[in-house]
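Quick mapping for you: the protein sequence lines, in order, are chains A and B.
The numbers in full-length UniProt numbering rise by one with no breaks, and the one at position 21 of the first sequence is 21.
The numbers in full-length UniProt numbering rise by one with no breaks, and the one at position 28 of the second sequence is 28.
Just so you know, the hints here were simulated from the structure itself, not pulled from any lab data.
The model shown is predicted, which means the values in this text are computed figures rather than measured ones.
Where a beta carbon is used, it is the ideal one built from N, C-alpha and C, also for glycine.
Treat the hints with caution; some may be incorrect.
[Unchecked claim] In silico contact screen, one side only, chain A against chain B (beta carbon under 7 Å); selected entries:
no. : residue
1   : M23
2   : L49
3   : R68
4   : S119
5   : Y155
6   : I246
7   : F260
8   : F261
9   : A262
10  : Q263
[What the hints assert, rightly or not] Chain A residues, not near chain B, derived (Cβ > 12 Å throughout):
no. : residue
11  : D106
12  : Y114
13  : F120
14  : Y162
15  : L179
16  : D190
17  : I191
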Amino acid sequence: MSKSERPNQLFRNLNAKVASIPMVLTALVIFVGGSAWTVLYSFTNSKLLPRLNFVGLDQYYRLWSTPRWLISIENLLVYGVLSLVFSLVIGFMLAALLDQKIRFEDTFRTIFLYPFALSFIVTGLVWQWLLNPEFGIQGVVRGLGWESFNFDPLYNSSIVIYGITIAALWQGTGLIMCLMLAGLRGIDEDIWKAARVDGIPMWKTYLFIIIPMMRPVFVTALVIIAAGIVKVYDLVVAQTSGGPGIASEVPAKYVYDYMFFAQNLGQGFAASTMMLLSVLIVIVPWAYLEFGGRKRV
Amino acid sequence: MRYQFMTAALAVTTALPFAGPAAATDLEVTHWWTSGGEAAAVAEFAKAFDATGNRWVDGAIAGSGGTARPIMISRITGGDPMGATQFNHGRQAEELVEAGLMRDLTDLATRDKWTEIVQPKSLLDGCTLDGKIYCVPVNIHSWQWLWLSNAAFEKAGVPVPKNWNEYVAAAPALEKAGIQPLAVGGQPWQASGAFDVLLTAVGGTDTFLKVYRDKDAEFAAGPEVAKVFKAADDARKMAKNTNVQDWNQATNLVITGKAGGQIMGDWAQGEFQVAGQTAGKDYTCLPGLGLNEVIATGGDAFYFPLLQDAEKSKAQEALAETLLDPKTQVAFNLKKGSLPVRGDVDLEAANDCMKKGLDILAKGSVMPWTDQLLSQDTQKQKEDLFSEFFAKPDMTVEEAQKRFADIVASAD
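Same shape as in the complex, but just chain A (with noise of 0.2 Å):
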């Protein structure tokens, strides 16, 4: 058809290259630029205007002694273990039950995944009138008869992170059943059939076959709660402004506060650094793995 033997690959679908010229500097510019202009500044000593004054490592040393960002990264990290862990299994077994054939599943599937659609404000002061003690499920509880019932976990700084984790586990979990679902739907019904003919039970089936053979399924809910995990912010705002005192804090409000509140913008630069530096922590080994891996096979 063509004359030239060997096309040249830079003009090859030259239409969709030019059209994606927009995204691609969009990309460049605001993502891959803004962020450098962050690193940049997180260099300095800028206070409520960027300015170019160089301190080297000094935000760093001090982000690094001061108490609340040292709360902040352990309430991120127990707040990640546990709604990564629980979003993954709760979603995965709701989603498993809804696949049993049953009754008005449509039902079902709009009552769980009806929380996804409030924001996280909303979610947030929802549950904190819930976890109200005076108010809420302890008030109920107590008026019930139950007088020494203790249930207030944000009025309590040690277990304040899982009040949080809760109310971000009920927004949360109903989105990730909805992609397992749809996950399981893909399964091919003549596996359940291969299965069942072989007398394997059901939770074997799916624990070894099903499970493995969602894999992309699993990976995308991945991403998805990890982003929504580093990025979590008006929760915690909504539901308890970091409080009791500090004890509720997370980095991305540190990262706030510090920028427009102190007007210390290399502060929150530095901040905002250390946490771009542990995404790509998680997210370069993982894309190691599951794109350079593919290129040798």
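Use these hints to put chain B onto chain A, whose structure you have.
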């Protein structure tokens, strides 16, 4: 149809500049006064400014100063300045002034003799940078007040205390009567502010200045300040289980007699007034916690961003004059519950607590406050420390003081 609409719209837009008197200039003024009393107070400014033939365009930003300030700052740095904006005078707008974004008002100040009319003089210091004046102070708000519920003490069977020490001694009786001795809301600035008040009241004015003005870290780690931390520890025990967030919710606990008292600035007075309570009868106010009667010259001020438009610049001058006008000062401050910045105005309608404040002011017992002495960065670190201290009973006094001294050492 559409054509008609277009011409009509065009006619309106071209006609607008000629409508009204030639001097009428719109000036957008941003501020964070949005609660009932505050909005009524700011309306007095708007009325007075409109009377000068200009037009006040209200740019109220809901939320507290913490929410509003970043918005104002980003508008000014982003090249979309308003005509005038509120800040707490002191160091909040310092960098904006240094960057040349704010208008120098020195000429106007000399012409109108601000240095003579503004009382106390230290108020203008908060507006001055390198000998030039950049803002107009409009009121004085002081933090050093203890508000006590008379009903709560009656119920506990103890007399209403006359100072902090008596109050601490009365705490067990209050507790026995099922009353929260001290209300401290969960917002970080409340805990930090309460400590600063204790620092002035228990430690004394010199101690306060040595720590916050001279930033003497060794002194902050020493025995004088340790005494203050001991008092803060008492406050922490008395404030345990407050379980409210906002300052006005905490004030409400005092109003309803559920809490014995609250350390809060004189803006709390507005809440008592709205609840229909009378000073001296239903509640008692102790300036300086009854130990050290001084008034800190914190408060609100208006800054004027540098504008290119000559008309608007002229309107800015008119606004600056209006703000300091004796009549406006009285009307505004009565509604706001704050003290006027001029010594020569008459506040007959002031209530007992305001009169106490005016007396202290007349005696000249004034001192600068943290807004003037510390950067926002240091303030925030202080807030983090004290909100943790008040919420965490197992944090030792020694540890808190050590961290406090570290903050003072790196303060700017």
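Quiz item: How about A/S119: closest beta carbon in chain B under 7 Å, or not?
Solution: A/S119 check fails; min Cβ-Cβ to chain B is 18 Å, beyond 7 Å.
Quiz prompt | Agreement of hint A/F260 with chain B interface, Cβ distance less than 7 Å | solution = holds, 4 Å
Self-check item: Hint status (Cβ of A/I246 to nearest Cβ of chain B, threshold 7 Å)
Solution: holds, 5 Å
Exercise. Would you check whether A/Y155 satisfies its interface hint, that is, whether its CB is within less than 7 Å of any CB in chain B?
Key: holds, 6 Å
Exercise. Compute the least Cβ-Cβ separation between A/D106 and chain B, then decide whether it is above 12 Å.
Key: Answer for A/D106: holds, closest chain B Cβ roughly 40 Å.
Exercise. Hold the hint about A/Q263 up to the distance rule: shortest CB distance to chain B must be less than 7 Å.
Key: holds, 4 Å
Self-check item: Least C-beta distance from A/F120 to chain B larger than 12 Å
Solution: A/F120 clear of chain B: closest Cβ-Cβ about 18 Å, beyond 12 Å.
Quiz item: Taking the least C-beta to C-beta distance, is A/L49 closer than 7 Å to chain B?
Solution: holds, 6 Å
Quiz item: Hey, does the A/M23 contact hint survive, CB to chain B under 7 Å?
Solution: Result: violated, 26 Å to nearest chain B Cβ.
Quiz item: Does the interface hint hold: is A/F261 within less than 7 Å of chain B, judged Cβ to Cβ?
Solution: holds, 5 Å
Practice problem: Would you settle whether the hint for A/R68 is holds or violated, based on the nearest Cβ-Cβ distance to chain B being less than 7 Å? | Solution: holds, 5 Å
Quiz prompt | Nearest-CB test (12 Å) between chain B and A/L179 | solution = At roughly 36 Å from the nearest Cβ of chain B, A/L179 sits farther out than 12 Å, so the non-interface label holds.
Hint compliance for this structure: hints 1 and 4 are broken, all remaining hints hold.
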